[in-house]
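Colleague: Using the sequences and the accompanying hints, generate a full structural model.
In the working numbering, the protein residues as written are 194 to 672.
A hint or two may mislead.
[Unchecked claim] Within a straight-line C-alpha distance of at most 20 Å, the following computed EDC-like cross-link-like pairs (lysine to aspartate or glutamate) qualify:
hint : residue 1 : residue 2
1    : Lys344    : Asp660
2    : Lys344    : Glu547
3    : Lys344    : Asp587
[Said to hold, decoys possible] For each label pair, taking beta carbons as the anchor points, the in silico distance ranges come out as:
hint : residue 1 : residue 2 : range
4    : Ala661    : Asp248    : 46 to 52 Å
5    : Ala216    : Glu446    : 34 to 40 Å
6    : Glu297    : Ala207    : 22 to 28 Å
7    : Gly390    : Gly667    : 44 to 50 Å
8    : Val481    : Gly632    : 39 to 45 Å
9    : Arg414    : Thr513    : 20 to 26 Å
These are calculated hints, taken from the structure and not from any lab test. In this text, a Cβ means the ideal position worked out from N, Cα and C, and glycines have one as well.
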Amino acid sequence: MQTPSPALLAALAARLDDVLDGADRAGVTVLLVGEGSADPLARAELAACARLLWDHGGYEEVVPAFRTGAAPTVLSALDRARALGARRIVVLPYEPLPEEGFGERVALWAAAHPEVTVGRAQAPDAGPVGGADLPGLRHHGDAEVRDDGEKLTDLAVNVRTGTPPDWLRERIGASLEGLAAYPDGRRARAAVARLHGVPVERVLLTAGAAEAFVLLARALRVRRPVVVHPQFTEPEAALADAGHVVERVLLREADGFRLDPALVPPDADLVVVGNPTNPTSVLHPAGVLARLARPGRVLVVDEAFMDAVPGERESLAGRTDVPGLVVLRSLTKTWGLAGLRIGYVVAAPEIVAELARAQPLWPVSSPALVAAQACVSEHGVREAAAAARGAAADREYLVGRLRELTSAGVSVVGPAEGPFVLVRVPGAAAVREALRGVGIAVRRGDTFPGLGEDWIRVAVRERGTSDALVSALGRILAP
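Modeller: In structure tokens:
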């Protein structure tokens with residue numbers, strides 16, 4: 194499920210204005226009527242739209258209702274509004290609805306209750322769902338190379354090339370001798386706790402950061418979850434799968450995709466934000482993120498790429514003074530372990546315990562536990578730090594080369610701080626296909642909420658690969 198698009202909300206508001214014709218909205222009850230789908234996601238979308246119209250429209254009340262089947266039906270909603278004292282009601286279809294079984298019933302009800310003024314608005318021209326749909330949210334970089342990745346230079350997946358290193362492969366291989374035993378995560382958990390200087394009770398090992406998003410969505414009882422976009426789409430998809438109505442805060446290109454805490458609704462009790470953010474590569478100051486914390490709110494900061502930032506500056510992983518803070522980490526990107534699945538959560542003990550109760554038994558395999566312990570060892574941390582410095586230098590080179598194409602309409606979001614860059618390219622879909630034709634895969638950007646069709650994400654690679662990319666782009670974009 195996703196928040197309805199601004200275009201849809203504007204279309205609905207315009208239909209209401211047509212009916213009200215300048216009348217005061219304060220005394221108006223709006224019934225937002227959908228078809229009556231049994232699909233919980235469709236019902237959640239209708240409820241989200243009703244709430245946003247009420248939040249921003251100044252109406253007395255905005256009530257979701259259904260033409261048939263699902264409760265409340267439009268007639269029961271009309272009865273309820275009248276019982277609560279409503280004297281002006283506008284019935285607004287969320288989508289085109291047949292006159293039979295809808296319009297006729299509303300007209301008959303209005304005739305039977307002359308003390309209530311009932312208006313009928315037209316359905317908006319826009320469809321009922323805005324933004325990327327769930328299949329779009331589930332599109333990731335691996336889809337760009339899934340079928341013929343061996344033939345392509347992979348700039349779509351943000352996994353460091355040349356990984357895992359030989360010493361890590363050897364450790365993982367040695368762990369196979371113990372596969373007959375059930376996994377025991379105590380050593381790996383303690384190693385992660387030592388790395389961040391926190392008690393072991395504040396650490397939960399997971400099968401990649403993606404599992405953590407599912408646990409958060411299923412285990413936490415939240416009323417108003419908000420996801421800050423553009424960012425990794427799995428948090429929203431996991432929340433929608435768990436039946437939550439998800440609201441979006443869309444950061445703007447004009448602001449450099451930087452976070453203003455004032456954009457987040459004050460009563461949001463779950464806020465999810467990435468740092469550095471995928472796909473924008475923006476690194477938000479730790480102090481700005483900490484300002485999002487407040488009593489009764491869970492603040493989730495996805496730091497999946499933080500170990501690729503030199504010095505891990507702006508990390509909140511070791512902070513214990515931020516209420517409700519949940520930090521997610523992944524070990525798959527820097528270490529080339531996407532197929533092994535290993536990540537972890539750092540949070541208050543009570544949150545960790547709640548998430549752990551939602552996990553199945555033995556959720557992380559023995560080889561993954563061995564890998565985790567190795568990656569957060571002193572040797573592993575030193576190697577990751579060196580890799581981060583190298584990636585930063587390669588990123589600056591890539592950005593410099595891409596800026597040579599400014600006259601062709603290419604622009605790069607900056608300053609970039611992650612192992613990838615977000616690039617605006619005219620006609621990006623055609624450009625992606627043309628790049629694929631010369632053996633280069635890049636990540637499409639339009640499945641990230643808040644981005645349009647002119648965006649691609651490019652993974653940072655060594656300089657020869659960057660030269661090949663820029664040369665190919667130059668030829669494709671040449672007049």
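Colleague: Taking 20 Å as the top limit, are the C-alpha atoms of Lys344 and Asp660 close enough?
Modeller: holds (18 Å)
Colleague: For a C-alpha distance cap of 20 Å, please report whether Lys344 and Asp587 respect it.
Modeller: With Cα atoms ~23 Å apart, Lys344 and Asp587 exceed 20 Å; violated.
Colleague: Has the hinted range 44 to 50 Å been met by the Cβ atoms of Gly390 and Gly667?
Modeller: holds (48 Å)
Colleague: Return holds or violated for the Cβ distance of Glu297 and Ala207 against the range 22 to 28 Å.
Modeller: Hint holds: Cβ distance 25 Å, inside 22 to 28 Å.
Colleague: Range first: 34 to 40 Å. Now tell me if the beta carbons of Ala216 and Glu446 are that far apart.
Modeller: holds (37 Å)
Colleague: Is it true that Ala661 and Asp248 lie within 46 to 52 Å of each other by Cβ?
Modeller: holds (49 Å)
Colleague: Could you check the hint for me, namely that Arg414 and Thr513 are 20 to 26 Å apart, CB to CB?
Modeller: Since the Cβ atoms of Arg414 and Thr513 sit about 23 Å apart, the hinted range of 20 to 26 Å holds.
Colleague: Given the hint of 39 to 45 Å, check if Val481 and Gly632 actually sit that far apart at their C-beta atoms.
Modeller: holds (40 Å)
Colleague: Holds or violated: are the alpha carbons of Lys344 and Glu547 at most 20 Å from each other?
Modeller: At roughly 44 Å apart (the allowed maximum being 20 Å), Glu547 and Lys344 break the hint.
Violation of the numbered hints given earlier is confined to hints 2 and 3; the remaining hints are satisfied by the structure.
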